[in-house]
Amino acid sequence: MKNETIITIKNLVKRYPEGDTEFTALQDINLEFCRGEFAGVVGPSGSGKTTLLNIIGSLDSPTAGSVHVLGHEIGSLSHRESAALRNKDIGFIFQVYNLLPVYTVFENVEFALMLQKIKASERKKAVMQALEWVGLADKHKKKVTKLSGGEGQRVAIARAMVKRPALVIADEPTANLDAANAHAILKMMKKLNTELNTTFLFSTHDEKVMTYLDRIIHLEDGKLIKDDIQSPKEYSL
Amino acid sequence: MIAFLLKGILRDRNRSLLPIIIVAIGVMLTVMLTGYIKGILGDVVRQSARFETGHMKVVTQAYFDNMAQLPNDLALDEVAALSQNLSEHYPDVDWVQRIKFGGLIDVLDDQGNSRGQGPVAGLSFELYSGAGSEPKRLELSNSLVEGVLPQASNEILMSYKFADKLDLALGDEVSYLGSTMNESMAFSIFKIVGFIRFGVPQMDEGTIICDVEDAKVILDMDDASSEILGFLPKDRYDKKRSYEIADQFNVSYQETDDEFKPIMLPLAEQGELKSLIASAENMSFIMMAIFLFAMSIVLWNTGLLAGLRRYKEFGIRLALGESKGHIYRSFTLEAVMVGIIGTVIGTLIGVSFIWYLQVYGLDISGMMEQVESSLMLPTRLTAQVTPELFFIGFIPGLFAMVLGNMLSGIGIYKRETASLFKELEA
Amino acid sequence: MKLAIQLAYRNLMGAGLKTWLNVGILAFTFLLIVFYNGFMDGWNAQAMRDSVAYEFGEGHYYHKDYDPKDPFSIKDGHGIIQVDNLTNVVPILIRQGSVYPDGRMMPVLLKGIPAKQSILDLPTSYLQSDEETIPAIIGKRFAKASRIQEGDDVTIRWRDQNGSFDAVTIHIAKVFDCDVPTVDAGQIWLPLYPFRSLTGLDYQSSMFVINKEFDREQYPDWNYKSQEELLKPLKMVVDSKKAGGSIMYVLLLGIALLAIFDTQVLSIFRRQKEIGTYVSLGMTRSQVVKLFTVEGAMYSIMAVIAAIIVGVPLFYLISQSGITIPQSSQTTSLSISEVVYPKFTLSLIATMILLVVLAATMVSYLPSRKIAKMDPVQALKGKIQ
Amino acid sequence: MNTLYFRILLIGIAIYFQQGIDAQTTTAMDPVYILEQVDANMSAKNRIIHAKMTVHGRRKSRTIESKSYSVGRLKSYSEYLAPAREKGTKMLKLDNRLWIYAPSTDRTIQLSGHMLRQSVLGSDLSYEDMMEDRSLLELYDAKLIGEETVNGRETWVLELRAKVDGVSYTKRKSWIDQERFVPLKEELYAKSGQLLKMIELSEVSRVDGRWFPQKMVYKDMLKKGKGTEFYIVSIQFNASIPDHYFTKAILKS
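Just so you know, the protein sequences line up as chains L, Y, H and D, in that order. For the first sequence, position 44 (counting from the first letter as 1) is numbered 44 according to the working numbering, and the numbering increases by one without interruption. For the second sequence, position 401 (counting from the first letter as 1) is numbered 401 according to the working numbering, and the numbering increases by one without interruption. For the third sequence, position 188 (counting from the first letter as 1) is numbered 188 according to the working numbering, and the numbering increases by one without interruption. For the fourth sequence, position 56 (counting from the first letter as 1) is numbered 56 according to the working numbering, and the numbering increases by one without interruption.
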């Protein structure tokens, strides 16, 4: 199972119009990811990390080349298909959490399941389980606006994980967190990665994050510089 | 500073376009509604002025005492001199003569024998004889079922149902028998040039309209008229002015005890219009207050939201070293400018619309079942351009908008500079 | 849809004051529109009711020679009512005559009506009298025009069927106050039986008014006019007033909708990240559009609910106590009473709810369409202008 | 509104005067005899009356001059001489039809049928009033109810009660000069007994050997006002009136 390839990127190019010319965000990227990887894309600002992740997450589409995610060709998906892919199989975690501000912790996590039309009783079970994972079960009735930064990001993780996706894309998840919280979150994600065999894909330039990663892909000016498999590490989870 | 802000407003469409559009639409609606309410509540007054009362009406004291019976024997005499006098003293007022009368209409067959008869009420106006203000005022053409307005002596309009009953066609001649001012026999031949619809069953059953000069000849009212109606400039009712003129006029006859002395009645003193006008004014005030309140809330809301959208910008400006007070003031000033621009645009559009309604009206006959255009039951909506239309929009458009902005701008002070910076990064 | 509604509801409730402002304005507009229509309907219903009560009954039968529009027909337009049961009819005999209040002569219609009738609301019981002087009742309009007061004795004159002049002094037993000018202006009501003998027209009637129990078959000498036909002109006038009023509430509705539109546009702008998040969570764009549209539409639903909470007791009170109309507006030829009781029908309210909800949905949809064109990546960054 | 009303009265008078031609001798106190004497005095087979009528309006008085020709009870023709406005207006009454001709319009209006019964232009008098053409003796039972002095002259007071249907005034009272057999005063009553009108006749003088009142004042008792006055300018009895005066052709001649 662990070696099953779930993401295949071939000759990916992404260009954005910029004024009268075009800006090349990604150039000729070739990558493969297997199920259960805990990998990160690193590089300076503007190197194309987020763009790469957005394309993998089917939020964006390639200009050229092919990207296969979980058996879907990203460039050829309709809106509906890409929405379905995200809904079922991909979880997102953002730098600024992007929680839905008017809802409670529970409701934020529940949201993804509601889209899948899962029964309320099952939803409840799943949501509470996810909140257990991130240690927020006791705060499920709180409004997300009342949470601390670390708690907010944990809600975001719970929201990404509740549907047990094959792939979680985390875009600079620790950028807004202090060191203690960042470590806690990363440990939590690593644990989920191990336990649920969920593939995690990070974009980051945070050293703390890199220490947890199994594989680090270096990008610079949209080009793949280095694909570095790390030796497995032991953490005190 | 203002120029600088103006540039910002004009270049940043988000900052300007939407708020201006919303303010403009809101102000436009305010202006339209004000004008419309003014119009609709003034409708009774207008209708009454057009057909019954004028803005002022001159009659004899004796006629006034028996007004309900249309006593032409008590009519004004020496009207030429009187009219002249009125026109000299009040040149801006349109003074017109009108006579109402009764009679019998007789239709002959080929042999010269009577084929049909019926009693009629006669209305006479300065159709072709006067300055042309009356046909326009009465909008006779709109109510014509067929034919044209009288252009020459002894041409009449006849109510269409009456004409139907007597089986008359355009161009037919009918005899009229009635009684003169001096209660002797009045005889005439009328040629029917048009059929008219009043929209009031009783009137449609038996009414004719002729020129007042014809009526004078027929009714032996040489230099006499039952009524002289005065209409203020542009037919716009001005209560104060109508009282002024009437008071002034009546003072000059104060000394006379003659029961046939002319007296002038301002519109509001005729019938029971006085309390009607008062209640119309109250109604219109209440409606406007309610509306202004609602509109103010809407635009206030716009102002609030406009402020919220710009925290990020404020962050940058704070970072550049601008003081909070300065940002707040410039933000407010911007709201003032947006408010003014929007209000001016909205007012212009709104006033144009009301002006259009005032001049051309809006045909609503389609909205009514079985109602066709008629004289007494207007199927056109009208409105009125009043001076207040030009400033009423500023209440919601400028004050409410700016107040909303100012309130939301207080957030600038509340927020820590640091958090504004942070939002800047996000 | 259910999800969209749930979400929209939560979003709105979460938004607090802003939501309530919009809901408030819309609810207010809604109330005003319903009120205006209810007022017009109430007026309409009242005018109809009064016309029916005072004049029309369930319908009129006119003698075949009598045409109410043709005064010439009064003289010969009368006959004997050949109806089996006279309990369900009010016979009326009409004659032309003159009244001489204070030495002035006024033409007048004299109408004989049984004192004991109960089909019309006219206070005919005042026509019963043991005095020698014949009692009469007149309406307030005619009283005013003729300057005759209750308690006055006036002379009336007419010609009997053979053309002989006759004149008597009558006693005005009652000046009645009713909203139907057509039973008031220029007429005097007299007790039928003495009036018939005075005019030499025993057993004769010009017309008769029927009630519901009356068997409406064909009577050869009598032309039937149903209540509905009789009410037609009145309906026409009310319709025209309604049409005029609709402009006003279109404008009012415009303002409320502007408020929603305004809120929608800004909330879409402010909630870009949220939109991006929805997309990242797997919502399709059309789902997001739907969400925002439903949210806007929900303003109207909440407004309707708010309006119902406020409006039901308010309108109930108003429809019970009525609205006092200034006396003056009653002089018009229309039937309008001093107090109008607005009538709020279910269909009126349902129509208005539909109108408001549809309109609110429309203006919510318009700005929401923009979402469909949003780039989710940019939206997530909050960078859409 | 009263134009026709007065015009009608004028004709009415003429009719009144022409009634009861065949005088018979009976006892002096017989009211029928008195009436017959009155008629003998004042009527003839035909008459031509040139009269002036003064209407006292509320504002001003107005005098109309007319010449009327009548034969029997059914035919009468009048032409107006003054004022200028009225000049040339002609009215012809034959049986129960009435034609009015106005020279200004060169048109004739015929009033008949139910129109005649109709109030004229909202006034209280109908066209039908012009049609009352039966003699007093035919219409009324007379009763002598007393003697009174009117304007210094002794009179018989007669009470006339209608004996047929359709008489405008079901009761009249007449004060007849005992010496000259000329009415000096008359009261017209409604069926109910209400006094409606009063006529005062004066300036009685000799015309063609008959006594004839030259002045008559009519007064509507229900209405305020000074009433209407008639002056006879000249009167001719039994003159020869050409037949064509009583055809429609005369109107446009």
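In case anyone wonders, no lab produced these hints; they're calculated from the structure. Being a predicted model, the structure only gives us computed values, none of them experimental. Among these hints, one or two may not hold up.
Stated by the list, open to error - Taking lysine-lysine pairs in the DSSO-like style, the calculated list, with each CA pair at most 30 angstroms apart, reads:
#1 D:K219 x H:K144
#2 Y:K100 x D:K143
#3 L:K125 x L:K88
#4 D:K60 x D:K87
#5 Y:K324 x L:K146
#6 D:K215 x D:K173
#7 L:K117 x H:K144
As the list claims (entries may be wrong) - Where chain H lies over chain D, by a calculated footprint (3+ residues, C-beta under 8 angstroms):
#8 167-179
#9 190-203
The C-beta atom is built at its ideal place from N, Cα and C for all residues, glycine as well.
*Which hint numbers doesn't this structure obey?*
2, 7
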